[in-house]
Structure formats: C-alpha cells, structure tokens
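*Asks:* Here's the letter readout for the chains.
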Amino acid sequence: NAGVTQTPKFQVLKTGQSMTLQCAQDMNHEYMSWYRQDPGMGLRLIHYSVGAGITDQGEVPNGYNVSRSTTEDFPLRLLSAAPSQTSVYFCASSYGASGRLYEQYFGPGTRLTVT
Amino acid sequence: GQNIDQPTEMTATEGAIVQINCTYQTSGFNGLFWYQQHAGEAPTFLSYNVLDGLEEKGRFSSFLSRSKGYSYLLLKELQMKDSASYLCAVNMIKAAGNKLTFGGGTRVLVKP
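From first to last, the protein sequence lines stand for chains A and B.
All residue numbers for the first sequence refer to my numbering, where the first residue is 1 and numbers rise by one.
All residue numbers for the second sequence refer to my numbering, where the first residue is 1001 and numbers rise by one.
Because the hints were derived from the structure by calculation, they are not lab data.
Remember, predicted model here, so these are calculated numbers, not experimental data.
Where a beta carbon is used, it is the ideal one built from N, C-alpha and C, also for glycine.
Be a bit skeptical, because a hint or two may be false.
To be verified - Interface residues of chain B toward chain A, partial, derived using beta-carbon atoms under 7 Å: (1) Ala1039; (2) Ala1042; (3) Gly1097.
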C-alpha cells in the first residue's frame, strides 16, 4: 500500500493563480480531510469528507474548494491564490465516517508559497 | 465550534517526566487523539481516548475527563528523540458524521 500520497511536494504560485493539490489514498478510508499548518502552529481544518459525494467546511474554508467523486481521491482547489495561503498543506484519511473515528494517516505534505 | 487549548512550549530534562495538558469545549464529543510531529514531518498517531480514564502505551500515557473537558499526555523517561510537537485533536459528531479538529500543539524540548 502506498498509504496517503500528495502531489506536488513543493509549489510556488503568483498571486491570483489557481491550482489543485492532489491527495489520494489506497486504504479504502471513508474519512478524508485537508489541513494547513503555518510555521510554529497547529493544524487548521480546511475541508473534510465523510465519503464520496459528501464534503463539509472546516475552520478555514475560504479560498478553497473540494470535491470527493471517488473514495480514493480528495483534491483541494485554490481558486485565486493569495500570500496568506502560503503554508504547508496536509491531507489525511482514516476509517470511521460515523461512529468511532480511527487514527488519521497523513500524507507527506505540500509546501506552498504564494508570491 | 470548539476551542482546544494547549501550552505553547515546554522544556524538560532527559530521563524526566513531562505532562502536556489539553482543554477543550465542544458539543457532540466523540473521542480525543494525541499526535506527535517532528519538525518538517507529518504527524503520527500516539493515543486515543473516548472514555474517562488512563490509557497507557509504553512510555506514553493519555488521560481523559469528559466532564471537565480535559486531557493530558504523559511522557515518561524522556529521550532526546521525544523533542517534537504534540498535538491534541478532538473529534465531534456533526450531522454528516465525524469532524476532527486540532489544537495549536505543544512544542517539547528535551535537554541533556
């Protein structure tokens, strides 16, 4: 199993550009989520999904869109990049869309810089 | 919404014990996790509590009191490799299912 994969690992964008961060898992996990982590800070939840076709907003959803058309993939779209979106982005997945939530498996992260 | 509070930083000596507290306010509580994160790496799972009491796993233990909205992570016999950030995360039940939110993390520095 590859676990949780994220691409790209590094990205530099100009203000106003759009892009999609890719996330895929091969563990048949129902629950997937996106977090951003700014230097010296904890993880802030952007969007999450409890299964294909079901997504919801986290703490900091503005400027980001998600969709979940398959169980395996959960891409994060930046609509119009801003310097405030410079951060490290982590995707995570786990069993447990409802009932008990199991441990999260994290991808390696995408380091995004917006100039 | 929910508030999750942890101390920002703690320093301890190799071989000692450190206790990292986490307080939270949430509705629909459905479990609390602790994760470890070394600098530049992704978080990794340490422990899970959903009922009151202590869960022990080797040198690490985690405690939960649901009535007080309080948890702690206890690290015993500290080693230099335990220098990392420790993240408390609270799961709550929403209409669509689970939702996991993290606190700001506690950076632990272990000194010789």
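*Asks:* If any of the earlier hints don't hold here, list their numbers in rising order.
*Replies:* 1
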